[in-house]
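Let the sequences and hints guide you as you build the complete structure.
Heads up: the protein sequence lines correspond to chains A and B, in order.
Residue 113 is where the first sequence starts when you use this note's numbering, and the numbers rise one by one after that.
Residue -15 is where the second sequence starts when you use this note's numbering, and the numbers rise one by one after that.
Since the hints were made in silico from the structure, they are not lab data.
All figures in this text were calculated on a predicted structure; none of them were measured in a lab.
Only true hints are included.
Straight line, CA to CA, 20 angstroms or less: simulated SDA-like cross-link-like pairs of lysine to any residue: (1) B:Lys259 <-> A:Val252; (2) B:Lys259 <-> A:Gly251; (3) A:Lys339 <-> A:Arg238; (4) B:Lys259 <-> A:Val248; (5) B:Lys259 <-> A:Gln336; (6) A:Lys353 <-> A:Ser363; (7) B:Lys259 <-> A:Leu333; (8) B:Lys259 <-> A:Ile329.
To give a feel for the contact side, a few chain A residues facing chain B, derived at Cβ under 7 angstroms: (9) Gly132; (10) Ala133; (11) Val140; (12) Ser255; (13) Pro257; (14) Leu263; (15) Val389; (16) Ile390; (17) Ala404; (18) Val408; (19) Ala424; (20) Phe427.
If you want the footprint, here are the derived chain B segments under chain A, 3+ residues with CB under 8 angstroms: (21) 112 to 121; (22) 198 to 204; (23) 229 to 238; (24) 242 to 248.
Don't be surprised by glycine CBs; every beta carbon is placed ideally from N, CA and C.
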Amino acid sequence: MKLLRAILVRLATMSVTLIGAAVVVFFVIRVVPGNPIAMMLPPGASEEDIARLTAHYGLDKTIFQQFGIWLSGVFQGDFGTSISLRQPVMPLVLGRLPATLELAIFALVIAVVIGGALALTGVRHRETRTETAVDVANGVGLSIPDFLWALILIVLFGVLMPIFHISGRISPSLDLPFVTQFYVFESLFRLRFDLWWDLLKHMFMPALALAIPLAAIISQLLKQSLKETMHLDYVTLSRTKGYSENHVILSEALPNAVLPTLTLIGVQFTFLIGGTVIIERLFSYEGLGNMAIDAVINRDLPLIQGIVIVFALLFTIINLVVDMTYALLNPRLRHA
Amino acid sequence: MLDGRGSIKRRLGARLWLSGTWLGIMALLALFAPLISPHDPLAQDLFAGRLPPFWLSGSDPAYLLGTDSLGRDVLSRLIHGAQIAFSVALVAGLATALVGSLLGLLAGYMRGWIDIVISRLVDIWMAFPPVLFAILLIAVLGTGLTSIIIAIVVIDWTRFCRVVRAEAMNQSAMDYVSSAVVAGRPRRDILWREILPNVLPTIVALLTLEMGIAVIVEAILSFVNLSISTDAPTWGGMIAEGRTSIHQAWWVLAFPLAVLFLTVLSFSQFGEGLKDRFDPVLR
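What follows is the structure in structure tokens.
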């Protein structure tokens, strides 16, 4: 019962946050100087044309009326029409969202693998030079943001040793049989491993750039929790029973040390998704973030609003899922 | 035990010294940029375009780190870039610290409806992807140094607010605050004279981290061409320029990238080092 109430409270605060975000972005972008309508008409358009198009996009009404119209549309799933692309916003945004989600999930997987491996190596060889090396790697990984890692990867693996693709989502020469935008999942589903491999080769560099800072955070926290767990009595007991050090770390210490790291991964995942905006730009990856930057440069107000709301919704959903998983996994909270 | 602690202390000391030295050098370059830089950072020499750095054949000793595609001196642009980066870091960092800490102190100490309003605002702010928010704000405010600084403050005040709020709440629960309350001192007095001095070390450490973030934000905005004018010698602008000619002249990208990397790393390590130095447990 308490859990249900907590979830309801969370849902209520979530909607306040989302509406707040909508208000902030709506009013902020309407202060933009520069008329989006003038940008979409050819030079020499008559005053009358401008006025007609302004009315068509509802830009002649007061800002509060515009907000009311937009908000009532949003509740019906209608986010308006993109000014620069002249298509409804929602299908555009939903068409790009899968590319961004696939990139973010791939990055998360890489981060967990690298971070987990580093933490386990550091604990297995604790109090040695290996642990110091892991600490230094964590420190550097944490200090440098994804934007710089992306540039470094472009120089290293795009130019000096051109091994990976540094531009686009898939090779343009390939024939695409896809019906959904989830290319990676769909290529697996269709057993088209050639396409799947091409997608991964394109995604690897941007995903790695996004993953490095998160990998460092995971490694640091997991290593610390593991080291604390290694001093507990039950771990010592299993060691005296004669289990190998690897078995003790993986089967005894890890399950008990992993909970704080899981929560942290959830929170940090939203930061990672936020990072896709600039990373997609750097790697010309056809995702939501890349579209967002174009939308801002083109002053495409309805599209900007749609994208920001989708991002905000994504962030709040992830936070909610993290909190609920934590409550389910942690027995102290489950029975409270 | 004693030895272990000694080595940790030495390592922390080395970290502070190394990062501090790099930041000091950069700050001096920034301060005396017009005196030090060998060329005018904007002067173009189309006959000397894409000259390599001094150790490669075909270089010109007048241009130590080579030139970009318009024949502008990379070293001079780096030095003047330091001036822009450090101005943004200092002003934006301090302003962000001021706004965020003030709101954090109020929320953490006053609690009640002030805390509810501020915390809700922080939640709303955290729902925006920061880079998108920054680009959006620059589109609204127009390009220019002032806009960048305002954008950084508007986006990043939450970083200070959250930490300072938590810290102020911790401090408020301590005995010295309770005894000040019992002694009948006014709340405002307790906030400024008791709580603030104890939260200050945290704020200073965060400020150093924030300066590194400000440098990155400026670079990202120059990179997407939304910073100050495109010729201005910003590190981000140099990186954007260098990326387009990466196969012909790698040094135009590599030098600003390396300088940016070391500067951001130093700000972060300096901040972390300060945090540990202030930490009473480690001390």
